[in-house]
Amino acid sequence: MKLLTHNLLSSHVPGLRPGGGFPLRIEAAEVRERPVPFNAAFVSRLVPRLRWDALREAAESLGRPSELPPEPTPGYEADEEFLRRLHHVLLEVEVLEGSLQCPDSGRRFPISRGVPNLLLTEDEA
Amino acid sequence: MSAASGRFFCTAGRGLEPFLAREVRARLGATEVDCVSGKVFFRAAAGLGELRQLRSGERLFLLLKKHGPLPVSGSRGKMLNEIKSLVIEDSKYWLDIISVWRKFHGHKGKTDNSSQENTSALKRKSEEETNTASKRQKTEQVRAIVSEECQVGAGETCESSDRMNRQECWIESRTSSEFPSRGSGEDPAANEELSFRVSCRCSGAIARILTSQEVGRAIGMALVKQCGWHADLRDPDVEIFVHLNDIYSVVGIPLFRLPLANREYIRTAGLRSTVAWAMASLAEIRAGALVLDPMCGLGMILLEAAKEWPEAYYWGADISDSQLEGADGNIRAAGFMDKIELLKASVKALPLPSESFDSVISDIPFGKKFKTTSDAQFLPDILQEMERVLRVGGTLVLLLSQELHKHVDGLTRCAGADPADGDSGAVPARAMDGLTRCAEGASADGDSGADPSVDGNLSSLAQGGGEPIICRHFGSLLPEDVYAISLGKTDAFIHKYRKVSAAVSSRTGTGSCPNTGTLPGTGSSGLKELES
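The listed protein sequences correspond, in order, to chains A and B.
Quick note: the first sequence, position 18, residue 784 per my numbering, numbers continuous.
Quick note: the second sequence, position 145, residue 156 per my numbering, numbers continuous.
No wet-lab data here; the hints were simulated from the structure.
Any given hint could turn out to be false.
Claimed, not checked - As a list, the in silico DSS-like pairs of lysine-lysine whose alpha-carbon atoms are at most 30 Å apart:
no.: 1; chain 1: A; residue 1: Lys768; chain 2: B; residue 2: Lys359
no.: 2; chain 1: B; residue 1: Lys318; chain 2: A; residue 2: Lys768
no.: 3; chain 1: B; residue 1: Lys114; chain 2: B; residue 2: Lys77
no.: 4; chain 1: B; residue 1: Lys77; chain 2: B; residue 2: Lys359
no.: 5; chain 1: B; residue 1: Lys76; chain 2: B; residue 2: Lys103
no.: 6; chain 1: B; residue 1: Lys318; chain 2: B; residue 2: Lys77
Unchecked claim - Taking CB as the label site, the calculated pair distances span:
no.: 7; chain 1: B; residue 1: Gln413; chain 2: A; residue 2: Asp819; range: 45 to 51 Å
no.: 8; chain 1: A; residue 1: Pro835; chain 2: B; residue 2: Thr501; range: 38 to 44 Å
no.: 9; chain 1: B; residue 1: Ser110; chain 2: A; residue 2: Glu846; range: 49 to 55 Å
no.: 10; chain 1: A; residue 1: Tyr842; chain 2: B; residue 2: Lys500; range: 49 to 55 Å
no.: 11; chain 1: A; residue 1: Asp870; chain 2: B; residue 2: Gln413; range: 17 to 23 Å
no.: 12; chain 1: B; residue 1: Met348; chain 2: A; residue 2: Thr839; range: 28 to 34 Å
no.: 13; chain 1: B; residue 1: Gln413; chain 2: A; residue 2: Pro835; range: 49 to 55 Å
no.: 14; chain 1: B; residue 1: Met348; chain 2: A; residue 2: Gly786; range: 28 to 34 Å
no.: 15; chain 1: A; residue 1: Gly829; chain 2: B; residue 2: Lys500; range: 26 to 32 Å
no.: 16; chain 1: A; residue 1: Glu846; chain 2: B; residue 2: Arg113; range: 36 to 42 Å
no.: 17; chain 1: A; residue 1: Arg874; chain 2: B; residue 2: Asp332; range: 15 to 21 Å
no.: 18; chain 1: B; residue 1: Gln413; chain 2: A; residue 2: Ala807; range: 39 to 45 Å
no.: 19; chain 1: B; residue 1: Ala56; chain 2: A; residue 2: Glu888; range: 58 to 64 Å
no.: 20; chain 1: A; residue 1: Pro869; chain 2: B; residue 2: Arg343; range: 30 to 36 Å
Said to hold, decoys possible - Derived, one-sided and incomplete: chain A residues facing chain B with beta-carbon distance under 8 Å:
no.: 21; residue: Ser777
no.: 22; residue: His778
no.: 23; residue: Gln867
Where is the CB? At the ideal position from N, CA and C, for every residue including glycine.
Build the full structure now, drawing on both the sequences and the hints.
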């Protein structure tokens, strides 16, 4: 699970208050870093789609302070160093084993072989 | 080195012809594009590498002859002579053809080795959880290997005498000894010591008088006499393909041994790659797009999309471990680990924020995956989630069985739609227009009548169609296109929707129908605007 994916995942346990399922807290047992070819234009396009605080939090929680600013600064499209740091955090860091915890309900969702399992049981759903 | 212009034709699964026609224009700059049921003819200046990249076609051929239909007379002998005349030309003709064909193939024509590996790519994982959708697809896959040209319109009968029975198309080689291989009056230079095989398909009026085997034999003999080639059924250098029906007489040489639909980048096949690509091509995937397949199975749609539109990012979700494993294997084999990510999640409760994706593309399983009597029961829940995660302006592309197609038609039109209202009939009519314009001359083409749901559905709207059809959440899904396609044994429908505005979606069921507004321009999916 890359942090780009994590940035999109939210818990859908029933009965949460609005927004209560995001962001999921990462408890990582195995993390891997793997180089991915850098595409500045592509990363740049992702910026407006990201939940920035959650991304920074996630990177921190993996012990990889992301050196990302509190917010994308204006003109980020041309800031290659910024884009490269962002690229690294979003695409080159993967959680292979661990779990994701719903902030409101505490429910844990396992990550196994890089694939997060967000299925609810029949009782929960 | 620019390629010389050549004439080609490519077979296509029924219903995919418009996609193929558009693709040859866009990818190859093709001209003289002529679309008939099951085939697209075109001219292009393209090399083998470029031609190999066609994604919505089945088999690609060098076009040798394309004439009107053979006149049918009572005299078999006369007809056979007419048929032979299709291949009897002066010696230079065949020399030229072979040299053109050689240019594509290099030495001996057995260079397409990368495709040979694909036979293993077709091995299927059989697992407990294989749903009937996979089984259906497996059947299609096998059928397609056997005779992908056998996807005929309603008006044609299929003589399955191509790949399976090709021994019969050309009688044992002792027949060829009736004709000296170096006949008099024949240019010895034409004797290339080439081996060949004739694959022949006859249908329509001709098939009532002559069998494919007889025709194939006659042509084969004529070629032996003409060119001094020898027949080899098992592993010929050259294959001559002849197709005779009520609409045309076509002679061609296939350029590749295996169908284009066999992708070297896909390890375990599921949904047919041509259909998956066609669906992705409707989604308008732009650079930076976020694309989701919430019932991804083995990931076919995501793989085709990631291959063609690599500047986007893709997510696949499925509830089945074995499917996800298969998808993971496919993603790794294709080298797309940095483009496609997987989740174990249910489409009925997607763990994703609202309005976060640009496109949602999915093949909705046809079988009894949800352990209930009818999948249609779950359709509203599935659609609801797909619609929720889609951003306004985003596209939804679905592959539906005939049954689901009828229900969806009901769900995404408002309950108040008046059967006389031009709009509620507008979408299928446009799609059918595209099909009938494309499938020129295929008057008995089952497709034009294949959408009984236009009428059937409107009445089911009135009666409730077995399920209360309410304008619930789906007022914001504007139907844009419907394509009837064949998946071999079954028919299916590709539906394209656009999410227009969350505000319009009507929980109150007031029946305010976004369809009455102007439909968005369909310029982006110019598939229906075929110039012949």
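Here is how each hint holds up against the structure:
no., hint, verdict
1, A:Lys768 - B:Lys359, "holds (23 Å)"
2, B:Lys318 - A:Lys768, "holds (20 Å)"
3, B:Lys114 - B:Lys77, "holds (22 Å)"
4, B:Lys77 - B:Lys359, "violated (51 Å)"
5, B:Lys76 - B:Lys103, "holds (16 Å)"
6, B:Lys318 - B:Lys77, "violated (34 Å)"
7, B:Gln413 - A:Asp819: 45 to 51 Å, "holds (48 Å)"
8, A:Pro835 - B:Thr501: 38 to 44 Å, "violated (54 Å)"
9, B:Ser110 - A:Glu846: 49 to 55 Å, "holds (52 Å)"
10, A:Tyr842 - B:Lys500: 49 to 55 Å, "holds (53 Å)"
11, A:Asp870 - B:Gln413: 17 to 23 Å, "violated (43 Å)"
12, B:Met348 - A:Thr839: 28 to 34 Å, "holds (31 Å)"
13, B:Gln413 - A:Pro835: 49 to 55 Å, "holds (54 Å)"
14, B:Met348 - A:Gly786: 28 to 34 Å, "holds (32 Å)"
15, A:Gly829 - B:Lys500: 26 to 32 Å, "violated (54 Å)"
16, A:Glu846 - B:Arg113: 36 to 42 Å, "violated (49 Å)"
17, A:Arg874 - B:Asp332: 15 to 21 Å, "holds (18 Å)"
18, B:Gln413 - A:Ala807: 39 to 45 Å, "holds (42 Å)"
19, B:Ala56 - A:Glu888: 58 to 64 Å, "holds (59 Å)"
20, A:Pro869 - B:Arg343: 30 to 36 Å, "holds (33 Å)"
21, Ser777, "holds (6 Å)"
22, His778, "holds (5 Å)"
23, Gln867, "violated (13 Å)"
Hint compliance for this structure: hints 4, 6, 8, 11, 15, 16, 23 are broken, all remaining hints hold.
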